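Protein sequence lines correspond, in order, to chains A and B. Here the first sequence is numbered in the working numbering, starting from -4 and rising by one per residue. Here the second sequence is numbered in the working numbering, starting from 10 and rising by one per residue.
Do not rely on the hints blindly, as some may be mistaken.
[Stated by the list, open to error] Simulated pairs of lysine-lysine, DSSO-like, Cα-Cα distance not exceeding 27 Å:
no.	chain 1	residue 1	chain 2	residue 2
1	B	K31	A	K97
2	A	K97	B	K47
3	B	K13	B	K47
4	B	K47	B	K31
5	B	K83	B	K47
6	B	K13	B	K83
7	A	K97	B	K83
8	A	K97	B	K43
9	B	K83	A	K71
10	B	K31	B	K83
11	B	K13	B	K43
12	A	K41	A	K71
13	B	K43	B	K83
14	B	K13	B	K31
15	B	K31	B	K43
16	A	K97	B	K13
Calculated directly from the structure, the hints in this document are not laboratory data. This structure is a prediction, so every number in the text was calculated from the model and none was measured.
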Amino acid sequence: MILTDREIRIALAEGLITIDPPPDAAVAFTSTAVDLTLDPAIMVFKGNVAGIDIVIDPGAPGYNSEETLRQLTDPKTIPAAGYRLEPGVLTLGWTQEYVKLKNSTRLAARVEGRSSLARWGVGIHVTAPTIHAGFSGPIQLEMINHGNRPLLLRPGMRICQLILEMSLGTPEKGYSGQYLEQSKEPSSTRRRRRPRAKKAA
Amino acid sequence: MWMKVREIGQGVHHSEVVVEIKTMGGVERIVLDKRAIKNGEIEVGNPLAMRDHGQLLVELPREAMSGAARVWVKQDSLARRQSEARAA
Chain A
-4 MILTDREIRI ALAEGLITID PPPDAAVAFT STAVDLTLDP AIMVFKGNVA GIDIVIDPGA
56 PGYNSEETLR QLTDPKTIPA AGYRLEPGVL TLGWTQEYVK LKNSTRLAAR VEGRSSLARW
116 GVGIHVTAPT IHAGFSGPIQ LEMINHGNRP LLLRPGMRIC QLILEMSLGT PEKGYSGQYL
176 EQSKEPSSTR RRRRPRAKKA A
Chain B
10 MWMKVREIGQ GVHHSEVVVE IKTMGGVERI VLDKRAIKNG EIEVGNPLAM RDHGQLLVEL
70 PREAMSGAAR VWVKQDSLAR RQSEARAA
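Modelling step: build the complete structure from the supplied sequences, incorporating the hints.
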């Protein structure tokens, strides 16, 4: 089930989800989402150089995605006047907002684009929109302009929307630590416990 | 539950750090928000399963660089905070 604006506000008030700075109560919400804004820090992928063939190998021993990104991107800060997102150039960005979902919550979230940018061909994620329970931090955006004209990004602009969904049940990691208790028992008496079902009244 | 991590560098965004955790399958590297680390530990929720020799299955707060989301770790790499102990 997708949370409505009213339910998102309740989840925020109860601390099930944190958005910092908090969204503008008047204008940041839609019926079933809350808008997030663009942080000025972006990483722009460098273009290819003739004669140099760089292949990313995430399975290589010692692979460090951040070091690789530093080699292949240029860090930039979006000025107030804006930054031209050129067609076809993958650019990493982040939301200005810090988002946290508790481990024990029955909430998950998805970050999605906004139609006002999609109509120009701008996507803000590449197939990884899910925010799991336990996540915390600004949300990374993989922005790419699939259109044929540059689009001006400005710091603080509404860049994406966060859709909150209620899961069917609490994730296993949100339950009490049954396995820790088990590990204190002798191995001969150890067995997997399941949460006890409540007796019918 | 909280798991020990070792900071090894900065992320590409000013809010991020790179940490390493020791798992039964080797070292995993994860990009995390700085605020997620308290006294060299990160919150991972409760273990999902246990196998012999005190190994516990935990879900990482974010996908590791290798793509791993759930990893087996030694029990002694996890600790319960006082507030959790009271709630249990």
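Does the structure break any of the earlier hints, and which numbers would those be? 9
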